[in-house]
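Enquirer: Spelled out from the first residue to the last, the chains are:
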Amino acid sequence: MAQRAAVVGVGITDATSPRKQTRSHLELCQEAAWAAVEHAGISPAELDGVVVGNIDGFEGTVLGGKHITRLLGLGPHLPMVVLNTGGTTGGNLMQVAARMVRAGTHQRVLCLGGPTFFGVRDLQSAINTNSPMIVEQPLGMGGFHMGAFAASAYQARHGTTVEDLASVVVADHQKAARNPYAHLRYTLTETEVVEGIPLSSPLTQPMVCPVSTSAAAMVVASDDVAAARRTPSALIRAMGTSSDPYLGGGKGDFAVMENLAALARRVYALADVRDPRAEFDVVEVFAPYVHMQPMQLEALGFCGPGEGIDLIRSGATDAGGDLPTNLSGGPKCTNAGVAGELAPYAYTALQVMGDAPEAIQVPGARTGLAHGTGGSFFQFENLAVFSQLTPQEQR
Amino acid sequence: MTSPLTQTVHWDLTYDVHLGNTWGRFMQGLREQKILANTCPDCSRTFVPPQAYCEACFVRTEQWTELPAEGDLEVFTVVWQGFTGGPTPPYAVGGIRLAGADTLLMHVVTGLDFSDPSTVRDQLPHGSRVRAVWAEDRTGQILDISHFEPAG
Amino acid sequence: MSNRVRPGPVHVVGLACTPLLPEQDAVLDELVFDAVSAALAECALRKPDVGLSVLASMDVPDGRSISSGLTTAAAAGYLSDSYRLEADSGSAVAAAAQAVAAGDVEVAIAVGVHNPEHHAEDDAGRRRFLEQLSNLAFEPAFDRPVGMTAQTVYGLQAAHALDSGNVSLDHWAELSAAAITRGAGGRRPGRRGAVTAADVLASAPVVTPLLDLMLPAPVTGASAVVLASPARAARLLGRSAVLTGIGQATGDHTWTGEWLTHPGATTARAAADAYRNAGLADPGTEVDVVELSAPTPALHGPYLAALQLQGLAPDRVCPSGGLASAHAGLANGIIRLLEAVEWLEQHQPRGRAVVHSVDTITGTVSEESTVAVVEGI
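Protein chains in written order, with this note's numbering: chain E, 1 to 395; chain Y, 396 to 547; chain S, 548 to 924.
Check each hint, because a few of them may be wrong.
With the C-beta cut set under 7 Å, the calculated list includes, among others, these residues of chain E facing chain S [said to hold, decoys possible]: (1) Ala2; (2) Asn92; (3) Ala262.
Quick caveat, the hints were computed from the structure, so don't treat them as lab data.
For each residue, glycine too, the CB sits at the ideal point set by N, CA and C.
Generate coordinates for the entire structure from the input sequences, incorporating the hints supplied.
Expert: Here it is, written out as structure tokens:
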């Protein structure tokens, strides 16, 4: 019979560049997986399944996840399924696991996101293989090139300056400096951002995510399992995904994240969220390129069109503000591929569990919003609402 | 620190990507210096590149039209750092709204002065008129349109 | 182990697949659109009715990374919930069924598509390309450089089985000939015309001891199934079948060797879960027909035993001819379900079928097996 699903364990490794990374892909996954299982307070033998993320072409082995999970020593024949939806893979791992648990056939499912970019020589070249073949791929767009269209359109619509964009970068880095698991932990000034190496107008190097290596894992379990734990879990109250058409040309308006706005309304209705700004204690959005964060905040209903930068500048999204956002530093400071995409979900769950790293924990956080996005021209979006599930709570 | 131990893994994959009838017809149109589009019978949206079906109405598209090879540049970016195997930077890629189309056609845009990155956006403001320039040798691919240039 | 209860039943209300051809002159999303449209038409549902779409496809044969970007809209995913699994479509059926059983959606669709972006003149050419892709799915430092591919794995497993002395090449040739001939006369005629065991033994060696006609017949196409809750299904026309239990398992990797010595173990675990979920105590007497996915005759016996169905009469084992007749890559799982449901409709409307599918990406190494129990109502 149907059940609810909750995140009962999270494991995150620290992050560094591929060049400085001393552990292998497998070792990073092992660390994250075992940490999640331990945090959940279960043994690996109690797992009913594994959902692992993979983005072929960005990694050296097709469906590499198939072998990784066996090598983690999780038990013979444990059913494992490989999910690949590009940039939304990480968050979708949790959504697929949640459906398995909600169906009533699974009690504990492990989600695993590895360091997807670990080993790619030229990531933008790899991402170009995702650019729609035949009609767009020959034009020469990689990840941040596709991302730059929205930045350019947003600037044209609202008169946003590069200094405005730079202020968002400065804020993210200040947050990452307090997160022991973040990759880029240095702070920088607006001038340094503006004067960074130009990549694809208007984006400079400091405005886009780094290539990081780390792993993330999470255990999704039934509410019965969650209730039996001694510390709070993160109930998955509502979730959803949404897709835009494939071609860049199918975007209605590059200056507005229409797909995300539509998804937000649907997920908020499922969660019965009436006033998102007031009801969320903590938010993690997947914004690997600087302009995405203000646009996402607007699409999620936290402020009006063109007001995203002011919202961030006001301090409302800082620790201590009324809408703490990306206290992890976000993907602007750490992006390890599928691990990076699972991170918003992992950190938000940790926040409502009260188990986030001390320096970034929002005191008393009970309701959180996690977001992911990806694919050609960021055609895919996903979203989830978490609520704190204390051990004594009844259904 | 010594370099980490790595093993080189190289994928050498060659594909014959199927075009199907819809894109096949579009590509034939390009060879003939025509930009063809098609339309959804239910919502009347016009697609270029053409689509075999409308994703919203979930029906097969029908009516074909030829669009003018000129339109408004709605958005563009200049690539300063490219990628292995890609075009040599700097180059500009834009989204062009051809008259009558409900989608944007993504293509290469020329006519920009690349000497100062901070000036590029102002050179082609939103909605600038651009026109297609045909390649001399056309073989039925998107680059049969060589690029779009400012149309004064 | 965990304390499981039986999940709610999920109804099969629409099933379809495109023509299965050696190569399709179409873009992948067109094939998906055709299969999905046809399946929806069977139950008179439309795209907005679909609460979740789960697609099974793989980037490398699709020639695009994140190929689901191209196919999601065709799978009814525009502005709604969807996932893409890189697995056989049996896994997509499981995921779609879970969403319905969870009560999260009333209608879900599972889809599989396979049309490698490669042109070849014959099966040898098709296999060369597919095996190149398969090699890329093996561990890069140790397995890949020595030429491990799905085909190689199947050859090794067959050689090991022959060495055990309990099977013979002649018996395998008979199994293959019977399967191919059944498929040739079926509703969905396979690639190959009727053949004899002698024809099989005379076919070209591919991976010793396996010969060409002992390997799957590569075809391309897309398949789709529409699932609904019992409440919703009550008001729908279309197919009348219900999924009562699904189980899945994933096999061990290269170095432990179970893929070689006990290739049925993964299927056995999946079957045990499926039968428990379906409430079957003695499958041998409670199942009327099985649609099996055996990539080679060497796996026919082990899979059948793993499913506990060795006692079924031969005409009840893979009546469609299975993979020897036509193997449409990841679209296979849903095609096996389609064949099983159609067999029930024609022969035993209130009967019970077992549907078995595996992914063949790395052969029996890290093999994912899906077993489903479906009943006619």
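Enquirer: Indicate, hint by hint, whether the structure satisfies it.
Expert: Hints versus structure:
At about 5 Å, the closest approach between the beta carbon of Ala2 (chain E) and any beta carbon in chain S falls short of 7 Å, and the interface hint on this residue holds. Contact between Asn92 (chain E) and chain S, as hinted, is supported at the beta carbon level, the nearest pair being about 6 Å apart and thus within 7 Å. The interface hint given for Ala262 (chain E) holds, since its Cβ lies 6 Å from the closest Cβ of chain S, which is under the 7 Å cut-off.
Going through the hint list in order, the structure satisfies each hint without exception.
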